[in-house]
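Can you join these two chains into the complex? Each is in its own frame, and there are hints to help.
In the order they appear, the protein sequences are chains A and B.
Letter 37 of the first sequence, counting from 1, is numbered 37 in this note's numbering, and no numbers are missing.
Counting from 1 along the second sequence, just add 1000 to a position and that's the residue number in this note's numbering.
One thing to keep in mind: the hints can contain errors.
As the list claims (entries may be wrong) - Cut-off 20 Å, straight-line C-alpha distance, at most; resulting in silico cross-link-like pairs (SDA-like, lysine to any residue):
hint, chain 1, residue 1, chain 2, residue 2
1, A, 25, A, 15
2, A, 9, B, 1061
3, A, 9, B, 1056
4, B, 1069, A, 96
Calculated directly from the structure, the hints in this document are not laboratory data.
Given next are the chains, with one letter for each unit.
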Amino acid sequence: MIVPAREYKFSEIIADPVIRERWNKVRRYFFLRESTYDMSNRCNIRCEGCYYFAGEKQFAEENRDPAAWRQLLEAEKARGITFVVLAGAEPSLVPELCEVCHGVIPLGAIASNGLHRLPPGIDYRIHLSVWGNDRTSLAIRKAPDMLVRQMANYQNDPRAVWVYTFTPVNIDEAREVTEILAKGGLQITFNMFSSPVGYKGPLRHTPQTLAKTAQVMTELLAEFPETVLFSPYNILTHTRPHGLHELFSCSYPRMNQATDIGLGRTFRQYRTNLQWDREAACCVPDTDCDDCRHYAAGSAVVTARMYRHATDPLTFSAWLDYVDTYLAVWVKGYAKGPNLCETPVIPPPNQ
Amino acid sequence: MNTDLPQTITRIAEIIINTLQLEDVTPQTFDPDLDLVDEVGIDSMDLATIALVLRDEYGIRIDEDDYPKLTTVQIIAEYINTKLTSGE
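Just chain B, same shape as in the assembly (with noise of 0.2 Å):
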């Protein structure tokens, strides 16, 4: 299985900002090279807490020691579509 990944982009993106509760910025507009940590603000229990409704969304099992690797909506993505597409 793989996704589109511009479709898994805007779709991280809008669980991210569902999550966090943030304002200003919508799935279209959110920049998905913008780091999570340094100029989000988001810190290990929001990523886990990410991690949980990603895990619902697609069926697939993060790692928790592949949360310091995710620290873009793009990385995440494409760490999304490996997992899917290994079959993980």
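Looking at chain A on its own, in the form it has when it is part of the complex (with noise of 0.2 Å):
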């Protein structure tokens, strides 16, 4: 780790002409506003760990109705929402009620295990979920030949996007994963495995597991950049001892009381009912927050704290190389650039 010799004024910073060609790239992102949705209570396969079928909200009413749906999405973009993330429990099982929302905000991502192809006219990001090879998935998703079905249902299109989920079990197979979507043309993007509240099986990390997750990571960008999407800062972040909460201080309004900016204010998590819980709202609910090291939420927590990461040219650019990452992943048509940072950088404290 490389402490900086002093604190450099922000423009300085940003006098530099790289750091100042991504930083006006990136910051034409910043008028999005995100929440989620729940569109389903249903699912067609049942993942050990699965976040959605922990507490309370799997067992909301399941709302079919698209005008109730475009009312609600109406009434969302008039409060400022621009980007919708349309989630649990498996939103293909819906997709007229995905092309509803997006008619009416056609920014946003939705979550699918990928065994149903979404219609091409859904023009949102389209996260695939991987846990392993097709073995480790028939094991602990009890669906076979998941990636199989994936690649032939999104080969292609620009819209979809593997998340590889990190467990204990799995660190290994994410190299086969890699290379057959490197294969395929195809891209990847790195979750990590986040305990539900009260889960204690054998997908929760552990020290020893996020050090070897941190290197297998590290081993694959390297050697496939182009289909990696990824940073060494979102390495280091994901993989820290102490999950995304405690470094940075979670933004979502689960674990953040402000309501007047930022998540606190505007970000909801709707149920399949249409209702949401301010208590309960985050990007991946009944997540254990001292556990969480979500790609989702990091994307809006690490993103958030752009101050305290504006102390010197290599910590902001490990920032921007983050925030590339998130727009990558979750903007459709956004492409990322080359990372600015490879030298692993101690994420700024709270203060």
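If you want it as structure tokens, here you go:
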């Protein structure tokens, strides 16, 4: 780790033409205001450790009325939401509702297991979950040939990005999956299994599996730079012994009481009955906050901490890499640039 | 160290106008009591950017936890004055 010799002025940091170019590239997306929506209380598979089937939200009644969804999304748009994340349990089971959302708010992403292809008119980024090779998927997700079927559904589809969730039992399989996707000209990003509240099973990471995951991520990022959407700073922040909340102080309403500005003011997590609960509102509800290293959480939580990263060119470059990665993963059509900071930097502490 | 409050207000308004590229308003016509979130449309990333420019300009650190308090130009100016007076 490198400790900066002095604190720089922000104007000095962005005087560097490479940093300035990247800064100007990412800041154009500062208008994004996110909320998330559970689209259905059903899923066609059942994965161990699934966040959706933890807690109360799985029991919410399902609203399948397109008119009700349109009304909700129009109200969301009116209060300033510009980016939707359609998630639990499996949005591809209700494509007609996803189309309604896309018709009202054109920027967004869908978290899907990829076993049903979403209609091409839904022009959101589509995150396809992968939890290891197909042998491990069969064991943990009880579904055969997941990667094969995902690739058949989304080959040559620019909406698709695979999201590999590292668990203690699939670390070594990430290479096999990345190689397969690289051969197909597809893209992958990395997620960390983050335990649901009360989860005591074998998928919870340990200091040893975190370190091993970081090593594998580093190798894959170096070997497959065109395939892997990630950065050294992503690796560092998501594989620390402490979770994201302890590192950066989570800005989602569930952990943030402030309602004046930012996510604490605008973010909502709607359940399938179109209701939301501030006490439970975050990007992955029912995750154990102490164990949260989730990619979706980091995309908001690390990005929001721009001020503390503007201490020196290296640290700010690491933050820019993180934001560049987040935008490439979440916004369809956003092209990730080369990482600016290959040096491990210390995440600036909470104040 | 202390600053002239009206001068600070004008300078902060100028920084906000430049950062957000606001049109049809000048530092002199910017209402210092406008709510920056509700009436100007500033969000947390805008405010973080403005805070960095203010840090450069006045040599003060603006705590992330203080962002929610900084709702108007007037309040920001008073916040800066307090920081400069206390030597933080």
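For each hint, the structure was consulted:
| no. | hint | in the structure |
| --- | --- | --- |
| 1 | 25(A) - 15(A) | 15 Å, holds |
| 2 | 9(A) - 1061(B) | 11 Å, holds |
| 3 | 9(A) - 1056(B) | 5 Å, holds |
| 4 | 1069(B) - 96(A) | 42 Å, violated |
The structure fails hint 4 only (numbered hints given earlier).
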